[in-house]
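Trainee: These are the residues of each chain, in order.
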Amino acid sequence: MNDAQSAGDAAPLELRIDAKSFLSADGTPVEVVRGFELRLEAGSFGALIGPSGCGKTTILKIAAGLDPDFRGRLGVPGSGRLGIVFQEPRLLPWRTVEQNIRLALPAHEAASDLTELVEILGLGSHLARYPGELSLGLARRTAIARAFAVRPDFLLLDEPFVSLDDAVATRLRNELVALTTRTRTTTLFVTHDLAEAIQLADRLFFLSDRPTRIISEKTLPPPRGTRSGDVIASISDEMRLLVSQATAEAKRGC
Amino acid sequence: MLPRIYSLAALIALWALAAALAQSRLLPGPLAIGATILADTRSGELPYQIGWTLGRVVGSFAIAMGLGIIAGYAMGRSRTVDRYADPWLVVLLNMPALVTIIFAYVWIGLNETAAILAVAANKLPNVVVVMREGTRALDPDFDEMAKAFKFTRFLRIRHVVIPQLAPYLAASSRSGLSIVWKIVLVVELIGRPNGVGFVLGSAFSLFDMAKILSYAISFIALMLVIESLLVQPLERRAIRWRRRPA
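In the order they appear, the protein sequences are chains P and U. Residue numbers for the first sequence follow my numbering, beginning at 1 and rising by one. Residue numbers for the second sequence follow my numbering, beginning at 255 and rising by one.
Isolated chain P, as found in the complex (with noise of 0.2 Å):
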C-alpha cells in the first residue's frame, strides 16, 4: 500500500497519491485523488489552494498519517512530529486552555515552559478557562498553540481562518507568520483563499476538481508575510490567469 519515512533533518516533506477512493453510501467507489505529486522543501511553507469539496481536507490527512488507506508513498520531513491544526479547533472540552495544549507534549516534555508561545498568541490570560467559553479567534489561537507546543518537524493547517471576522484572521495571519518564520517549520496549509495563500506562503499549489491533483505550481519570491496588498493582487491576477489555462490544458488532455 504505502510506506512512511522519515530521514534528516533537511528532508522535504514528499507526498505522491496514486489513487484515493471512497466507498460512496452506496458502496460504489469514488476516487478522489488521482495521480498527486507534492514536494515541499524543508523549512518552506507550501499552500495548497482548491475549490471546496476538491479534496483538500482528504490530502492533508494522509499527508497527518491519518489515513493509511491510499496508494502511493508519504516521506515526512525530520523526526516526523507532526503538529496539526483543524479546520474545526477540536479542543476538548472538558479541559482548560492550558491542559489543552499541555496534552499534546510528549511525556517528557509535559512541564516544558510555554509563556513565550502563548504570549505571541495572546492566551496568557485564558490558559485557565475552558474551550466552552472562548470565542472561535481565541479557541483557533488555542489550537495554533497546541500544534506549535509540540515544535512539530512539519506542520499541517486546515482552512485554520475561515469564519473568522477579517481584523482577527488578519492578526491570526501575521502571528502564523512570525511563529513560522523564528521556528522555519515545513508548513502545508490547505485553503480556498488565494489572496490569504499569497500572503503566507513561498510556494503554491493548485489542485484541479475530483480526482484531485495538482495542476499548477509556483514559488513566490521572498520575503513573505509582508507582500502589500497591491503586490498580492498583482500576484493573483497572474495566477488566475495561468491557473484558468492550466485547467483548459487538462481538459484538453482528457
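Since the hints were derived computationally from the structure, they do not count as laboratory data. Do not take every clue at face value.
Here are the simulated lysine-lysine pairs, DSSO-like style, with alpha carbons at most 30 Å apart [claimed, not checked]:
#, chain 1, residue 1, chain 2, residue 2
1, P, Lys61, P, Lys218
2, U, Lys401, P, Lys61
3, P, Lys61, U, Lys404
Nothing here was measured: the structure is a model prediction, and the numbers come from that model.
Given chain P, work out where chain U should sit, using these hints.
Mentor: Using the frame of chain P, we list chain U on its own:
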C-alpha cells in the same frame, strides 16, 4: 433542596393520614415505624442486616459495572465484536432475574459467590447496552486529534474517552444501584441466612408489616444518602466544564 423536603414531607403526611383512617395492624403509621427502626438500631439487628445487604450491593454493582464497561466499550468500538456478542446480550437481557438466581444457586451452591454473581449477571446486560451506546457516540474527530498528536493509550482513555462517556457512566450507575439492591433482596429471600431480604421473608410469614416497612424504608434512606453524597457530587465534578458557557 427545599422542594425535595416538602415533597417527602407530603408523602409522609399522606401515609400518616391513611394509617390513622385504617387503624389496622397491616398499615402501621410513621410513628410506629420510627419506633421499630429505633429499637432495631439499638439492638444492632438493623445495622447488621443492612450491612450484609449493602456489602452484596457494592460487590455485585462493582462486578457488573466493571465487566459491563469493558464489554460495552468493546462492542461499541468494533462491529465484529458487536455482531458476535449481541445475541448473547439479547439472551441475558431477556433472562428473568429469578431464572439467573436459581441457576446460580443450583450450579454454584447456596453461597455468597452465587448470590453476588447472580445479581451481577442481572445488572450486567443493562450496563453493556448503555455503555455501547456511549461508545458509539464517541466523536471520531477527537480520536483523530489524539492520533495526530500521538497521545498514549492512557492519555487517550483518561482525557478523551472517559469524559465523553461520563454521562453514560452516571446514567448506568444510577439505574444500576436501584436495580441491584432490588435483586439483592430476592437473592437473600431465596438463599441467604441474613440481609434485608432474609428479614423481609421471615417478617412476611409472620405478617409483621412494621418490620417490613421499617427495613425497606431504612434501606431506601441509605440509598438516598449514597446517591446525594456520592453519585451526585461525582456527576457535578464530571460536568463542571459546562458550568459557564460563553
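Trainee: Would you mind marking each hint as holding or not holding in the structure?
Mentor: Hints versus structure:
For the hint pairing Lys61 of chain P with Lys218 of chain P, the CA-to-CA distance comes to about 23 Å; that is within 30 Å, so the pair holds. As the CA atoms of Lys401 of chain U and Lys61 of chain P are separated by approximately 11 Å, the hinted pair is consistent with the 30 Å bound. The suggested pairing of Lys61 of chain P with Lys404 of chain U holds, with an alpha-carbon distance near 14 Å, which does not exceed 30 Å.
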